[in-house]
Every structure is written in C-alpha cells, then in structure tokens.
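Peer 1: Sequences listed follow chains S and U, in order. Under my numbering, think of the first position of the first sequence as 1, with each following residue one higher. Under my numbering, think of the first position of the second sequence as 1, with each following residue one higher.
By construction, these hints were calculated from the structure, which means they are not laboratory data. In this text, a Cβ means the ideal position worked out from N, Cα and C, and glycines have one as well. All the given hints hold, so there is nothing to weed out.
Residues of chain S clear of chain U, computed beta-carbon distances all greater than 10 angstroms:
hint, residue
1, G26
2, K28
3, A32
4, A68
5, Y76
6, Q84
List of simulated lysine-lysine pairs, BS3-like, C-alpha gap at most 27 angstroms:
hint, chain 1, residue 1, chain 2, residue 2
7, U, K15, S, K80
8, U, K179, U, K142
9, S, K52, U, K16
10, S, K53, U, K202
11, U, K89, U, K367
12, U, K15, S, K10
13, U, K355, U, K367
14, U, K226, U, K415
15, S, K53, S, K28
16, U, K39, U, K283
17, U, K226, U, K16
18, U, K367, U, K39
19, U, K75, U, K179
20, U, K358, U, K344
21, U, K16, S, K53
22, U, K383, U, K355
23, S, K10, S, K52
24, U, K37, U, K75
25, S, K80, S, K56
26, U, K15, S, K56
27, S, K56, U, K16
28, U, K15, S, K53
29, S, K52, U, K202
30, S, K52, U, K15
Partial chain S-side listing against chain U, Cβ under 8 angstroms, derived:
hint, residue
31, I18
32, A19
33, L20
34, M42
35, L45
36, K53
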Amino acid sequence: MLTNEEVRTKVLDIIADIALDDDVTGIKDEVALREQLDLDSMDFLDIVMELKKRHKIEVPQEDYTRLASMQSCVEYLAPKFNAQA
Amino acid sequence: MSGLAAGIRLSMYNKKVVILEKHTISGGLNSYYSRGKRKFDVGLHALTNFVDPTQRGRPFNKLMKQLRIPYEEFKLSPQNYSLIQFPDKKLKFNNDINLLVEEVQLNFPHEIDGFMGLLTHIKNFNEVDLSNELVMAKVVVKNFIKDESLIEMIFCPLLIYGSAWENDMDFSQFVIMFKSIFLEGFSRPTGGVRTIIDLLLKRFEECGGELRFKSEVTRIISAKEKVVGVEVNGAEIIECDHILSSMGLPETFAVLDQEPAELHRVGNLSFTESILITDKKPKELGIDATIIFYNNRPQYLYQKPTSLFDSESAVVCFPNNFTHDDYAEGVLRVTNIANYELWKQQLLLSKDLYKESKNEVYQQTVKILKNCGLNSQYEVLFKDIFTPTTIQRYTGHFGGTVYGSTDKSRTGKTKIEGLYICGTDQGFLGIVGSMLSGISMANLHVLSSTL
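Isolated chain S (complex conformation) (with noise of 0.2 angstroms):
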C-alpha cells in the first residue's frame, strides 16, 4: 500500500520534470496545479503521458479534470497506483 504522501512524491517527481523552470516544493495542495505553476494543456497532456510510462497508470481523458490540483491528483491515483500493488 502506497500512503497519500508517497504517492503524492511520485506526481510531483512528474511535476518537477515538466516544470524544469519551476520550483515544486512550495505546491499548495488544494491549489489549482495552473495557478501556482507554469502549466498548459500541453503540459497535463505530459503528465497523463508520464503517468503512463513511469507508472502504467492509463488516465481517460474525461477524468483529466481531476488533475486539476494536488490534491484532487491524489485523492484520484492512490486507489489507481494501489490497484497495482
């Protein structure tokens, strides 16, 4: 079992190599990824694309919203990352 900190660690070791000029360690959980950093749709398409080679996790594209923040990124992988466990 992966506990949300860990897996909250693996997005933003994701995060953090997307966002090469920015500086991840002060992310505000409940706030939108977008505000806080210098992400676009292009971007999320990167994190999605990550996910899926790091991780094997597939995320849809009707569910790309719940990336929105860190903490709702959370909340929607820890079930999906310990799925695989």
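With chain S held as given, fit chain U onto it using these hints.
Peer 2: Okay, now just chain U, sitting in the frame of chain S:
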C-alpha cells in the same frame, strides 16, 4: 529541425522513431558547414523569441519544457540593437519594445497613437488559434496606421524573416512575427546554430531515437489512402504507421506514390547570401548594430526580382554584435532576395557565367555594407557566396525556397491518413516556430491519438 523536435517528443514516450536525413548534417534550412578551420552558420541570423527565463508561457520556454532541455544550455546572448534603414528614415529596435515606441514617436509623431493601438491589438490577438480566418495583414494594419512609409518599415523585417508570400502575409503570421521579433527579440546561442542542433541530437539520442544520415525518402508508400511505409534511397523499404514530413508540402506530395488530388504551389522567394570574414570586427569599423534591414527605395519590395538578385534591399547581419562574441575574426553576412529560375539558367548555360554572377553579388555586398555605414578599411580574409541553387541542392526545397510554399497546412493533416506535415509548410516560422511545429504535430497527431 522540426523533425528533430518531433522525434524527441515521440521517442520520449516510447514510440519507435527513425529520422531520415538526406544530407550528412542535420538542421535543414538552419544548418552549418565548415571551410578550413572556420565554421559557418546558414539560415540562422538570429534566434527570435528571446525571453528572460523568468517570463512564463512564451514560445521559447514552452519549447524547452516540452523537450526537457534546460533553457540555460542554449547560452543565449541578446542583440545589441537592430536597425530598419530606409532612404530617409531609420528605426532602431532591441529586445525592449519601448525603444521602438520611442523611435516611432520621434520619426512619426503623427502616428504614435495609431501605433500604440496596433500594439494593443497585437498583444490581445490569439495568433495560434488554428481556426483564425485568413486576412491580409496590411488591410488590418491600415486600420491603425495611415503613413505608408511607417507601414513599409514595420513590415520589412517581418516579411524577410519569414513570409512565403510576396509583399504581405496572413495577419496571424504577422502577429507571430511581430511578437517574436519586436516584442520578444533577437539573440544568438553561443556557438551559433550548431549549439541548437547538437542539443537536439543529444536529446534525441538520450531518448533512444535512431537517426540515419544520407537517407533520402524517395517514396511515401500508401495503401487505401493510408500510410504504410517509406522507400529510402530508392531501395530499402521501412514500414510505419505515421510519417511526419518536414520536406515541405509540394516536396512531400512529389514523392507520394499516388496522383496528388491537391496541388501545392512552390513559393517564389529565395535568397543569395554573402559571408565575409574580415581582419577587423564591425565595431572597429563603426557598426555596433546587430542586424540592419536595409532598403534603398521609398517602398519595400518583398518579391521575386526580375533580375538575378535585388541589390536595393538586403538583410545585413553582424554576428559579432551580440552581447557575447565568440568569433576570433569579423563576420559580415548580407542576404538579398533572389530569383531561382534565373540562377538555375545561368548554371545551365555555363559555370563561368554563374561564377561571374556570384562575383557581382559580392561587389554589391561591399557597396551595401558601405551604405550601412561600414568603414572600408578592412581586408576580406575569406568569402563565400551562396545562391538559390545552393539552397535547392542542400535542402531539397523546390525553387530554393526558404519559407516554403504559399500553401500552408495549418493542421498538418493531409488527405492520406498517417501522413502529416511539420516545419515551415505547417505555418510556424523561424527556428523557434519550426521546433514548435514538430512538437505540436507529434503531440496532436501521434501522442494524443495513441494514448
């Protein structure tokens, strides 16, 4: 370059990619060559879209992020300033739009309100919306500015740095060019275009992509309106589902194995360029401008000349005059609009005639440099002149075109499923545009559809 960018994106996400390069060096229209110990850039005078790394969401930053290449690796040094030089007026600009605003105020005080209005309109315009209707830029600009001579001066750098159309361009293209040149500005990577190409090649290799040089695509093979493979060098067949072609629209359809239902026009615009290596640097000869857009007529004629080349207008580039200068010698580059057919004819008639004409280009280059204010007390250590036929030979672009066809495929789609266009004929311009084109076509047509 668009192909390399697309290749990086696709191989990053585990697609099996092969880049087929006809030439022995990458880069296409923006490349380099060596003569003796000296290295020469072709294509790139300057990189547009200069941004401070702290500014977000600008094309260049987006590009770096998508390719995962840290911005610092390009080691960009900004221009000193550039100049639009017409017979009776000059306008200076640099990477801060306020200088151009001051220059307009000074030289065209009656037009400053119109110019500011145009600026606001441009800043608020979404130039990359693929559903924008085609509107000619001069029609729009004339709503803001009445003085023909100011209009000509504003259009001059924007046309010659990227328009496939003569004397005007689509307004969306105009806005792309205006933002990338006047609002963001020029810079040069340390080491020139080679630095960019090497970074892209290194990244592509890290991602596990395969690159083959001296591999010309001689046929695109389709079945039932769908891509099935390519033929390389008239022999080997490689099977594939997707092809992103950076050859150009007419060039791509020329190798497609079926009768084209759509015909694409070959553009009219090609260039000659003289590169002079001198014992003194331009600064010692009285010039600290980085680029001079030179025009010796009241009107700016951006069109195919009826003679071999147009010596009355030129882009004069002084690569030493960026804030960082890594050259040991002076480098002067003068680019003129030229007529491909006439050069081709000369070459067919006799090599001597062709050489003589190249010498005429050189003589005019010296004259233009003088008209730009360059002191003549220098010695030319080396010179090289290339013509539209040189461009055709090395890039494979029909008619030696540098900005491609006047038909653009904005969405990148063709009537053949799996065949997409990237690069200059997809409609994004310049080096930054070509990389953005490769990235967005790879994202849109391959990565999104195979998620």
